[in-house]
Amino acid sequence: MFRRDSPDEASFRTEVRVWLEANLPVALRGRTNRPPPAQLMPWYRALSRKGWIAPHWPKQYGGMGATLNQQVIMTEELARLGAPQLPAQGLNHIGPILIEFGTEAQKATHLPPIIAGTLIWAQGYSEPGAGSDLASLATRASRESDHFVVQGQKIWTTWAHYSDWMFALVRTDPLAQPRHAGISFLLIDLHSPGITIRPIRTIAGDDEFSEIFLDNVVVPAENLVGKLNDGWRIANALLGHERLGTSNPQFALIALDRIKTMARASGVITDPAFRDRLAAASINVTALSALFSHAVELTNLQRSLGPEASLIKIFGTELLQSLNDLLIEAAGSEASLEDPIATRFGTVDVSTPFLQVRRATIYGGSSEIQRNIIARRVLNLPQ
Amino acid sequence: MEVHLTAEQILLRDSAAKFIAAAMSTVTRARGGIRSSAPGRLLQIGELGWFGMLVPSSADGPGLGLTEMALVLEQAGRGLVREPIGQAIIAVAALAQGYAPHPILRRAMLGDALVVPALQESAHDPLALRTEATGQRVPRLTGTKMAVCADDADGFLVSARGSDGPALYYVARDSAGVSVATAPTVDGRRLATLELQGAAADLVPARQSSRGAVEALTDLALIALSAELLGVMEGAQELTFEYLRVRKQFGKPIGSFQALQHKAVDIYIKTETVRSLLYQVAAANDTYCIDPALAVALKAKASEDALAVTQTCIQLHGAIGFTDEHDIGLYLKRALLLSSLLGNAAAQRRRYSELMELTV
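Chains as they are written, first to last, in my numbering: chain P, 1 to 383; chain W, 384 to 743.
Calculated from the structure, these hints are not laboratory results.
Since we're looking at a predicted model, the values are computed, not measured.
Please note that a few of the clues may not be correct.
Pairs of lysine to aspartate or glutamate residues, derived as DMTMM-like cross-links and limited to a Cα-Cα distance of at most 25 Å, are as follows [said to hold, decoys possible]:
| no. | chain 1 | residue 1 | chain 2 | residue 2 |
| --- | --- | --- | --- | --- |
| 1 | P | LYS260 | W | ASP674 |
| 2 | W | LYS635 | P | GLU318 |
| 3 | W | LYS646 | P | ASP325 |
| 4 | W | LYS646 | P | GLU318 |
| 5 | P | LYS260 | W | GLU578 |
| 6 | W | LYS646 | P | GLU368 |
| 7 | W | LYS635 | P | ASP133 |
With these hints in hand, go ahead and build the complete structure from the sequences.
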């Protein structure tokens with residue numbers, strides 16, 4: 001809407017669009033939930049063979065070395081076709097973290113399987129007693145000669161039951177003050193003895209996440225990323241970039257399309273009260289496009305987004321929720337149906353995205369935590 | 384988020400902020416219905432070159448763009464400037480658009496004459512147009528215009544239906560057949576109703592490349608009003624965040640309480656969203672060629688959010704915010720005026736729905 005492709009970018013967009021149209025399996029398009037690995041990973045590996053699985057990684061590690069604008073184009077074209085979300089913990093989290101902070105040996109061991117799609121990663125941050133207050137995490141890693149022994153529990157771990165490895169924040173200094181100064185960043189093989197994984201079913205009916213019990217799990221010392229007790233900084237270093245990627249307005253545009261289809265089918269599209277709310281929602285999608293385009297511009301100028309990325313996350317996720325409120329309104333008395341609704345304008349999935357989107361304002365730091373960050377770090381309000 | 388600007392744009396913004404801060408001492412005292420502008424202020428602003436900023440080089444102007452206009456008007460809103468600078472800038476741009484600019488143009492660029500648009504006829508439909516232009520060589524206008532920022536105006540840019548459809552006309556305030564009835568606004572300005580009874584007018588020729596001159600000026604006005612609204616939001620939030628840092632209750636600065644912090648963040652989110660939207664729209668459009676859906680979306684968002692922000696700012700001030708002794712109420716009053724002009728948020732959303740009809 002605001003960003004304009006350069007001629008090179010436009011031809012890149014065309015190339016991506018044409019290839020995706022030809023290669024993305026129809027069964028994977030427009031789904032509101034994530035297909036299981038048996039269906040999803042062949043698509044992951046097809047993108048990998050094409051060389052497009054990691055636009056944002058440097059070429060030397062198997063990425064595309066793409067510019068930020070090319071990354072945005074890739075996200076938009078994938079979203080436009082309704083491509084399913086790929087497991088992101090390897091590509092977007094541990095991959096970039098290892099590229100920035102890992103040893104040569106860690107990079108050589110762990111990056112190629114992420115690119116190839118042969119190993120899946122999970123993120124072990126939250127614990128039953130450490131959600132919003134993540135720095136209070138208690139999973140203990142004790143150093144013993146050439147290894148750590150890890151004891152504790154992780155939870156809300158996306159796809160852990162399908163994953164081979166987990167990068168985790170663990171407590172290596174129980175007495176440290178402030179508490180986040182006693183946390184280290186550890187790579188844990190999920191096939192190690194002492195690990196039990198239990199999938200957790202969500203309100204949206206899928207088993208996207210799990211809890212992981214670690215009972216005296218032995219982790220080689222070379223799986224420590226960065227220095228001992230420096231895990232907090234490492235985990236937080238790349239968050240701004242990640243928050244930008246997930247706030248691409250293309251997702252909101254797709255939600256808007258879904259609302260319009262449903263509203264035309266149900267007839268509520270002619271109701272002035274509904275049209276007013278639909279106009280307000282579209283205007284907010286335009287506003288999100290402006291915020292996003294502005295943020296991409298700043299990032300292109302090598303300015304760090306910093307805590308201001310929280311603003312986009314709050315606005316983008318709360319907008320997605322209000323769009324889904326409008327979707328169930330458009331569906332009227334059919335809103336609670338579990339399966340997608342067949343209409344003469346196409347099939348519309350209503351209840352699943354409405355339930356799914358609850359998570360958007362919770363994961364990656366809840367909206368309330370993001371507001372605390374802005375109040376403190378942007379507005380300089382007193383403690 | 385910081386807006387990326389060129390060195391010249393930064394200079395313009397900073398000089399606008401400086402000039403307005405110096406003029407601010409008279410602004411803040413000017414409440415309670417005092418309505419005259421400081422004498423000579425228009426000429427001073429004219430000297431700064433603001434009124435003619437959008438005038439293209441073909442008409443001997445600097446040909447600056449919407450971003451520059453937004454930078455100046457944002458500062459005007461922030462400083463609660465009383466003079467209708469935005470109205471004057473866009474009227475001058477409209478006067479300069481044709482092959483033979485109107486003679487008033489030069490004086491209007493210098494601040495020697497004040498020309499403001501008179502487009503609106505309905506409180507809820509900013510595009511409604513019943514005023515008629517008759518007569519070929521000397522057009523005569525008959526109709527009624529409302530919500531005109533007529534304080535100190537020497538002439539008006541009036542929309543009317545001529546033989547070739549809607550067009551813009553220049554009408555001098557002292558022409559026969561023009562009567563101006565003003566009513567005070569809450570922020571100490573006056574809005575006028577313009578009665579035109581066969582008033583002599585000059586056709587302002589449209590730019591060949593643009594859409595109709597009337598719609599083009601309306602959309603330009605929406606951007607100008609939104610820029611000023613952004614400044615109002617900013618001024619109000621600056622005062623409020625400072626108050627949260629210094630006001631103590633229960634032995635602590637009230638800004639340390641989470642309930643108030645989250646309200647403050649919501650203000651910040653609204654202001655930043657309008658800022659991104661304003662400057663992205665400004666960068667993506669030209670003075671004489673504006674995507675109406677974007678202008679309408681911007682005015683809808685700025686109107687709604689400026690009212691919400693300034694209301695919350697009063698709440699965060701507590702009782703002092705409800706008094707006329709504190710400045711914070713001035714921002715709500717200015718937001719009330721600007722948000723209502725050329726269609727409030729709801730009116731913009733109605734037009735937006737119509738513009739989106741093809742995709743719905």
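Checked hints:
Between P:LYS260 and W:ASP674, the direct Cα distance comes to roughly 22 Å. Compliance with the 25 Å bound is thereby established for this hinted pair. Pair hint W:LYS635 plus P:GLU318 does not hold up; C-alpha atoms about 31 Å apart against a cutoff of 25 Å. A C-alpha spacing of about 23 Å is found between W:LYS646 and P:ASP325, which places the hinted pair at or below 25 Å, so the restraint holds. About 15 Å separates the Cα atoms of W:LYS646 and P:GLU318, which keeps this hinted pair within 25 Å; it holds.
This hinted pair does not check out: P:LYS260 and W:GLU578 have alpha carbons roughly 44 Å apart, beyond 25 Å. Restraint check for W:LYS646 and P:GLU368: the C-alpha separation of about 11 Å stays at or below 25 Å, so the hint holds. At most 25 Å may separate the alpha-carbon atoms for a hinted pair to count; W:LYS635 and P:ASP133 meet this at roughly 23 Å.
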